[in-house]
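Starting from the known structure of chain A, arrange chain B on it as the hints suggest.
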Amino acid sequence: MTEPQIRAMLVEALEYASVIALRDKNLTEAFLSGTSEVAIDALDMDSLAEMELCIAIEVNAGVSIVPERLRKIGTLGRLVALIQSRQ
Amino acid sequence: MIEYYRRAARRCSSVNQFNALHIGLANRITPLELVALRQAQGPWFVARTLLQQVLRLLSPVSRLWGAQPPPAELRDRWLRKLLGLYAQAAKPRPEPYRRRRLSRHLRLYSAGGARQDKTLLICFVGSSQRPFLPVPVFLQHLDAALSDVLMVGYPRGNGHRHGLPELGSTLEETIDKLRKLAGIDAYRRCVALGTSGGGTPALLTALRLGLPGVLSAGGGSPTDPRWFAALGEDVGELARRYAAASSNPPRVVLAFGVDAQKDVIAAQAFAECVPAVLRPIRDRRLESPHNLFQTLLRRRRLQGFLEATVLQLPPQAGDLAR
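Chains as they are written, first to last, in this note's numbering: chain A, 1 to 87; chain B, 1001 to 1322.
Same shape as in the complex, but just chain B:
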């Protein structure tokens, strides 16, 4: 990873190219890789970044229109911000997830161990291609000994509405193939999570595969016209049909930031299509926006929230029938 970063950074010549590199990495790397990148910066990393901040404030040149910071400063700034978010988990060691690419848009994060003792979290990301937070930050808020994470991305511009091209031409085909590809039946339990545009496909996946639980965080509306164009019917109607056909429907949690008005309306509308628990997320001091994981992270409640809503379900309801 460190060598990859060095090679990639050498090819970057503008702030935007560095940003593209950093966004791509933040959407993929594990907590272990983040810590390794930090360690590769040497013992003076903190002092150096502080000095950079002070110099930036003092130097009139750096405030000039368009002045470009040097690559080392761009790297340090990105790492410092990422490490600051990562530290919110307040854990002494990085969660030991390893990354494995299953297909172009599927990545499995696992620390190994017996799958029959673990929960698989199928995580549908939104347009930022991450579960609201940088991937190492999100993973650090889980327990690698108890859960594996299957991160489901999608081709840019298409959303999840047409499924993954490597698995099928429709979302339904993709969902059906996910069961085998991810080895869902080998796990003690499998649940789904979707953030933003990933909320609706997470809900459909849980309903179609008969998973015990699903959390949609800041998910879309059941009458989103883009879904109608892809499916030929309202996605809320499809969810209703899936729920009606399921003998054991999942526990559906629809979470939303109370200040994200569109998300509030979308969650309320979806709750009229399928039985669901609404979980408003608020912050007494600051706004609670679309990115509700950011709010929970700030309040140091993210891990507890994920466990309470989707990861730790009652065993009778949660265990996969084998």
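Looking at chain A on its own, in the form it has when it is part of the complex:
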């Protein structure tokens, strides 16, 4: 997957997990274009949403990240980089 594809996949996964923060169109577009950074803590995900995001990453990108590690990654941009490096 290319970087834009990974970003689009993450946005879709977060939408499925009903993460409200990314319903902000401007923020989503800025993240998709790589011009804005989003802190994972700011997404206000519950444990179920974290699990669902990790499942989506594994299913779509074949990269296994456990939910316990997600918050330690810090930002969605770093998550994109991690997925790219592990593919």
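A couple of the hints might just be wrong.
Think about it this way: if two alpha-carbon atoms lie no more than 27 Å apart in a straight line, the pair counts; the simulated DSS-like pairs of lysine-lysine are [claimed, not checked]:
| id | chain 1 | residue 1 | chain 2 | residue 2 |
| --- | --- | --- | --- | --- |
| 1 | B | K1081 | A | K25 |
| 2 | A | K25 | A | K72 |
| 3 | B | K1081 | B | K1091 |
| 4 | B | K1081 | A | K72 |
In case anyone wonders, no lab produced these hints; they're calculated from the structure.
Note that the structure is a prediction, hence the values are computed from the model and not measured.
Here is chain B on its own, set in the frame of chain A:
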């Protein structure tokens, strides 16, 4: 169920695959199935899970970045957490609901018995595909002798806004077909419940079908643009039209966690569209978030809350006209 779990677990090779299996099960199984899964773990389940916790704390290896626990530990951890929530109901026996699939996105939970003596609770779930809580935990807080539950899911990513594909191409078509498919008229009473994204469709269903009561818990806004895109009008306007056309409008309860600011605003806005009772949920010690059933569960008030808001309505207002 136990054999299904064993077969499915054998196919899982990562933490995420186990989590997917466990989420799927927690969104479907009955209290009886949960207890059966617990019993299948043998008499040493509690001791084993405690030992696992201690070893995890002590072992530096398990704290290493990315160390994956063995499958048995993942299963035990999930079961222990689920049983902990289930135990909050403080009932000696599991509620004897049985699950029946009516269509791809509809499941009926019933313990049998005469429907004319029971209430049917039509439950619209939100994006987590569960009524805020794992299904066996939620069902354990109801009385299987008095109520059946119709769990209404939806295709992922679409929400309830376009209805269920197996029942129609719009939400209205879906609502109209629900009456017959669920045998609503055979019940003494039928009420609706919606959690999170299920709140708005529960409200529309109650208004359109003339149900006596509806509870929307942490429901969405009447001006949600996604609903506007699906309906071509504000969903609040549609609710207003349904309410105006109804000769006997339902008792509408809009509940929200007081710390979930978006839910507070959404409930207040919906209360301007249809006559409704606002029920703020607060906890003196902890935050009261979007998932207000979690707050009520912690305070052991969930069953009483469901009965007071939607399940036990005055008989004159609640009985279906037959």
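Here's how the hints hold up against the structure:
1. B:K1081 to A:K25: It is violated: about 36 Å lies between the C-alpha atoms, which goes past 27 Å.
2. A:K25 to A:K72: holds, 26 Å
3. B:K1081 to B:K1091: OK: K1081 of chain B and K1091 of chain B at ~17 Å, within 27 Å.
4. B:K1081 to A:K72: holds, 23 Å
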